[in-house]
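Residues per chain, in single letters:
There are 4 protein chains.
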Amino acid sequence: MDFTPSPKTQDYLARVRAFVAAHIAPVETAYHQENLAANPGGDWHTWRVLPVIEELKTKAKAAGLWNLFLPDAALGAGLSTLEYAPVAEEMGRSLLAPAVFNCNAPDTGNMEVLHYFGSDAQKQQWLGPLLAGDIRSVFCMTEPDVASSDATNLQATIRAEGDALVLNGKKWWATGLGHPDARLAIFMGLSDPAAAPHARHSMVLVPLPTPGVRIQRMLPSFSEFDPPYGHGEVWFEDVRVPKSNLLVGLGQGFAIAQGRLGPGRVHHCMRCLGAAERALELLVRRGLARTAFGQPLLHLGGNLERVADLRMAIDQARLLTLYAAWKIDAQGVKAAMSEISAIKVVAPNVLQRVVDAAIQIHGGAGVSLDVPLTALFTVARVLRLADGPDEVHRAMVARVELAKYKPAAPRP
Amino acid sequence: MDFTPSPKTQDYLARVRAFVAAHIAPVETAYHQENLAANPGGDWHTWRVLPVIEELKTKAKAAGLWNLFLPDAALGAGLSTLEYAPVAEEMGRSLLAPAVFNCNAPDTGNMEVLHYFGSDAQKQQWLGPLLAGDIRSVFCMTEPDVASSDATNLQATIRAEGDALVLNGKKWWATGLGHPDARLAIFMGLSDPAAAPHARHSMVLVPLPTPGVRIQRMLPSFSEFDPPYGHGEVWFEDVRVPKSNLLVGLGQGFAIAQGRLGPGRVHHCMRCLGAAERALELLVRRGLARTAFGQPLLHLGGNLERVADLRMAIDQARLLTLYAAWKIDAQGVKAAMSEISAIKVVAPNVLQRVVDAAIQIHGGAGVSLDVPLTALFTVARVLRLADGPDEVHRAMVARVELAKYKPAAPRP
Amino acid sequence: MDFTPSPKTQDYLARVRAFVAAHIAPVETAYHQENLAANPGGDWHTWRVLPVIEELKTKAKAAGLWNLFLPDAALGAGLSTLEYAPVAEEMGRSLLAPAVFNCNAPDTGNMEVLHYFGSDAQKQQWLGPLLAGDIRSVFCMTEPDVASSDATNLQATIRAEGDALVLNGKKWWATGLGHPDARLAIFMGLSDPAAAPHARHSMVLVPLPTPGVRIQRMLPSFSEFDPPYGHGEVWFEDVRVPKSNLLVGLGQGFAIAQGRLGPGRVHHCMRCLGAAERALELLVRRGLARTAFGQPLLHLGGNLERVADLRMAIDQARLLTLYAAWKIDAQGVKAAMSEISAIKVVAPNVLQRVVDAAIQIHGGAGVSLDVPLTALFTVARVLRLADGPDEVHRAMVARVELAKYKPAAPRP
Amino acid sequence: MDFTPSPKTQDYLARVRAFVAAHIAPVETAYHQENLAANPGGDWHTWRVLPVIEELKTKAKAAGLWNLFLPDAALGAGLSTLEYAPVAEEMGRSLLAPAVFNCNAPDTGNMEVLHYFGSDAQKQQWLGPLLAGDIRSVFCMTEPDVASSDATNLQATIRAEGDALVLNGKKWWATGLGHPDARLAIFMGLSDPAAAPHARHSMVLVPLPTPGVRIQRMLPSFSEFDPPYGHGEVWFEDVRVPKSNLLVGLGQGFAIAQGRLGPGRVHHCMRCLGAAERALELLVRRGLARTAFGQPLLHLGGNLERVADLRMAIDQARLLTLYAAWKIDAQGVKAAMSEISAIKVVAPNVLQRVVDAAIQIHGGAGVSLDVPLTALFTVARVLRLADGPDEVHRAMVARVELAKYKPAAPRP
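Residue numbers (UniProt numbering), protein chains in the order written: chain A, 1 to 412; chain B, 1 to 412; chain C, 1 to 412; chain D, 1 to 412.
Hints should not be assumed to be uniformly reliable.
[Unchecked claim] Straight-line C-alpha distance at most 30 angstroms; calculated DSS-like pairs for lysine-lysine: (1) A:K59 / A:K123; (2) A:K404 / D:K8; (3) D:K8 / D:K57; (4) D:K123 / D:K57; (5) C:K334 / C:K8; (6) C:K8 / B:K404; (7) D:K334 / D:K8; (8) B:K334 / B:K123; (9) A:K8 / D:K404; (10) A:K8 / A:K123; (11) B:K8 / C:K404; (12) A:K334 / A:K406.
None of these hints come from the bench; they were simulated from the model.
For reference, chain A alone in the conformation it holds in the complex (with noise of 0.2 angstroms):
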């Protein structure tokens, strides 16, 4: 349970901020208007992908920094989950970094995926191509028409007819499927309702475009679009895969995102941390900057009580993260499942205290767009939604606790 960060942590680490420092932040402010200008409102079809990001990821994947959230040593960086922790968080800090280092989600857990669970030839049709940062992904789970917090809810069906899989139903929030690089689909359908409800569901790779797929819309979360990515809103109407699109084989739908959402959950909350520290930094350099009633803004009423208030829940988190995060590595996701659960908690809520506090610092330009605070607000907003509410994480948790006293269980 070392949490020292490793020297290949630190060389990373090192360098993805100094890359930042030089390449990323003296670029975001400009490139985030120009985005919004480029491509305002939700009309993907016109969306497209500003020059600057392939010239950045350019540079990254020529300095090394590229990829390093795949602990294959060969593809990736051969970091280990708690390895990649630190880098996580600092690429947090942006919210355009992990775009240009290939580490963004859903691609990252779509990567995944196919490493660890596709065949020979779907790793060289899909993997190659987004691991080189060339095309996009998507992640077709959640439904709009039912409550996809209880996965065995889902209803899109996978129906076998020779030698093809049709699929049908309805899913939104697809994050990505607005990008115009978008080339795969990773769609989760009912193929077995008589099967045990966690053998019910299959994954298939869904090529985009394909006859039937239809985007409906993208969908606004806080009234913000998020091009180039977007997150759509998209009917399947009798689409019909290759049956070697299937992963793995039917019924394995649950086991393949139980596999899929461990790291994953490590990344978004430390990239949550990352957010968190930025939007405290923003906190703590308004606060002494502003004067109000004689003073600045930090030394009054209750300001800096609040401070510390949240250096020890930003602190407290990046602990839990980090102990889930080893838990993975030392003794695999099933073991670590009430602390990925955990994490998935704490680390979004306390980046949504920690940015209500800074847009109230800030005033006015807290809800505007002249600081990233409403942007980071809504990433935390969001992400106590998004790969299950809190309250299923949290009942998550109980069922662990309880777990240790079964009759006959020892003293926990």
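Take the given structure of chain A and dock chains B, C and D to it, following the hints.
Structure of chains B, C and D alone, referenced to chain A:
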């Protein structure tokens, strides 16, 4: 301290409710979508008011549901602050209703300023058209370069030059500035830097457009520009208006602001509570309609406890707001300073909390525009900053509390 | 819904306040110390009532400040629930006052039960002496062996045998059981296990002492035994009382309990708020008097914000309690179930929060007996359990909220 | 930053756990009852140590489970702060264990002071008997007449007179002062009022009894006197001790206090977390064992969410405390000031929160002495004041945070 709605209130309440049900609710969702399509992004030059708004305003005026906020019986409905409060709450359930009934901020506050502090000529020129709903107005107080929570910081200037007043300075968060009908700005500026802190500023009426008034941009709040009103950043550069545009007299800026804000804060808070009731209704309806793990969402985990806590919070906030309204009517704004500050903290925070919970139970839909929850969230979050941030109001409540313990004070 | 104290209330309020100031406050600290010395620990056999109490009661009776809680104009003061509420708050500022004015729980509730549900003979035997303050009484409901928060769990039994009722079972938290003048216990037990859940229990009057009633021990709450009242554990072993001691009729236990608890909870809550006001006063006085780091404690860190938050919390809780009182008077206990449950959650929690903050600002003195803060804390903490724990009351509030959305219900 | 318990820690942990299970847990309830009976109330003159304590101490010493807190390998167990931390947590599960293992406050802190700052003669006279468990000691710092949270306020005096030091002043909350074996007080007083604020005070060893040392009374905390230790108010009136009783040198009081408090706070916090684990265990066991409304209590309302939240809070607090311990070991107390203050806020607050929830689920039993919950609550509540109140520690954390933003500081 009788909070039973008066017969007049009950009558207006029933009629407003019926009007909203018959005319506004049926078109509200379509309106917001059409408005989004008609007025995308922040380019206020192209903003227009959808015809349905003027139709609804005409109907509301015909129904006698017009200017209900104004206590003056001839010009308004003759309702006291306490009598109007439940009507404001009812309007707050809808994002559209306040404007339809000519009861929306900041026009209401500006009309009050003109009504109470304007000269006859000023009233004739501006109050009439505002009460008729023919023009819209803005209030230019907050400045981008200073912490405006301490209003003595305001540094825009008013300089007398012969028969003219010359205005200079930057203002922002001037709500309504983007409206095609915006014709009047009330400008607060420093007129005598050598006077006592609360006698340094004055208020001046500025026709729109006037040379030197430069709208720099509209400001999004949580990425939403709120067309066709908008919140503007506007620079005043040697703007000249006749001295007769001065309100009351030089150095009276704070006195006017104080008078303006008392009832206005009650209106804001009651609208917040209407919004909170609507969010709670959405929460309960969704929580009963959706099922997970074999139960309606509401029956899972702590959801019912949250419903209870929100109900208690809303009811308490309403009673406190009614109490503040009563105290304003009975003892005047000055005697009610602590209560006014208290509700200004309590009501928006309650709304934020209710909406956050409602978003959570809606899952992804909650952060989209399919339900009005992010719009209500933004109302709450912005109101925790506007008209004085939470911290300033807490300081006021504490100040009044401590004053009870001045030497020789009897037991509080 | 007029919360202005009625002239009668104002008169009683002024007189109670003057009486407390003149007669109780000056002796209160000495009383508690003497009481602690006279009645140490949990040995209730030796407990005695200090003479000062009887002297004060005599004075209070002479001053006409006696049984003010009872709405009956002949036996009490004829105050409605709403009218009595501010008087209860005033009494709640002192730990001693309620008993001095014969307005202390559980005697008040027991007198109400006798007044509303007792036969003439029962009233003559018990209500008279209780109203005179000559005897004290206890209420035996909660049981050690079952979760009594679900009162249908109660398993003590009432068996008819000829002209007698035979009682068996264990009760605890019977407040007042240690009092030298305790002469009556109201016992709730299962009389018909086959009936509908809320018709299974009955209430019986048990003279003290009666053979078979065995006081096992007094229970400390936070190490305090509260002499000379105390909270007892008592076992009933084949206790025989005449059938005429039955209240109302067999199976009426819940109906009586319900009627007993409505106004009683308003009393509890208003006393809580009086206690909260006192704690806030102690907090402010101490925070102004003590200096650290060159400033009065109150001006350090977030202390003033806390004062503001506590003031807002108290004021809101008071208004909600007055509203519940008004609703009981206007529409009856049944219509006010949600509000009664709401205040039962809100008021003790507000008190706990205020006291916790007051302790903090007192430092070590706060947890000692030099100030009454731990006693007030215990009042709050225990009341979050007594008369139904927070959770049961939240469930009630949620239940009433959801009932608004029953099919075909109009908009709430 | 490796938090894996070292082999030595694992060994001690297993042995402590086994010892507690075999020898302490079986007698603990009986001990507390017997102790309450033997040492009732606050009359410390009559207090005695029950024989079982000395028997247990003898056994612990024989088992090599003795003075484990002391990093010195010869005198203690040679455990670093981080290595001892889990052992302290384990001891914290029991209210009795720390004293049995000679690891209880304030003796541990006093032994550390003597070990690190005492002269050879001082060590011989006092450290030996303390390490042997033959005598007990007290720490006299806090004063009743000033806000001791700002230790520069302390006004008790130390005056040199020839070969003697003359001590005057009032102290309170001197824990252990009532113990029959109390033989040493460490006294902190103002020795040079003209020096710099943190060089004004000195520490002096005072044998007990010494003429002029007058124990005024024992102070209850939440009505509990904690015999046979107790918390005393003691007045020093011209108390004379030889100059050789001075620790280190004049003006070194703060330097010594600082060194004393670092590891001591880790011990306190880890014991808090052991106590929190115990309270959570009691909560879960009770919540599973009791039934209401047809279900185990834990499955009602938000109880499972609370369990999850408490688990997350405890785990985060533990990791933060281990991190602080590690930082003390790796970089010294001074570098770890912010972390030490952070845990001092976090851990007692977590304990208070867990215990409050555990009390709630126990109903009336929770506030009685049938379970140790009010005792644990008092531990938490008092610790939020002792060794610096929450507010002082939050201020420290904020101070360190702001220091990162000093001009020219690089990005934090």
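Is it true that the CA of K123 (chain D) sits at most 30 angstroms from the CA of K57 (chain D)? holds (22 angstroms)
Given pair status - K406 (chain A), K334 (chain A), alpha carbons within 30 angstroms: holds (19 angstroms)
Does K404 (chain C) sit within 30 angstroms of K8 (chain B), going by the straight-line distance between their CA atoms? Satisfied, since the Cα-Cα distance of roughly 26 angstroms is no more than 30 angstroms.
Would the hint linking K404 (chain A) and K8 (chain D) be met if the CA-CA limit is 30 angstroms? Judged against 30 angstroms, a Cα distance of about 26 angstroms means the pair holds.
Sort out whether K404 (chain B) lies within 30 angstroms of K8 (chain C), counting only the CA atoms. The given pair, whose Cα atoms are some 26 angstroms apart, holds under the 30 angstroms limit.
Would you mind confirming whether the straight-line C-alpha gap from K334 (chain B) to K123 (chain B) stays at or under 30 angstroms? holds (25 angstroms)
So if I understand the rule, the pair passes when the alpha-carbon distance is 30 angstroms or less; does K8 (chain D) with K57 (chain D) pass? holds (21 angstroms)
Compare the distance between the alpha carbons of K8 (chain A) and K123 (chain A) with 30 angstroms, and conclude whether the hinted pair is satisfied. holds (27 angstroms)
Between K334 (chain C) and K8 (chain C), does the CA-CA distance stay at or below 30 angstroms? holds (27 angstroms)
Holds or violated: K334 (chain D) with K8 (chain D), Cα cutoff 30 angstroms? This hinted pair holds, its Cα atoms lying about 27 angstroms apart.
CA of K8 (chain A) to CA of K404 (chain D), is that 30 angstroms or under? Judged against 30 angstroms, a Cα distance of about 26 angstroms means the pair holds.
Decide if the proposed pair is consistent with the structure: K59 (chain A) and K123 (chain A), CA atoms, cutoff 30 angstroms inclusive. OK: K59 (chain A) and K123 (chain A) at ~25 angstroms, within 30 angstroms.
Hint check: no violations occur; every hint is consistent with the structure.
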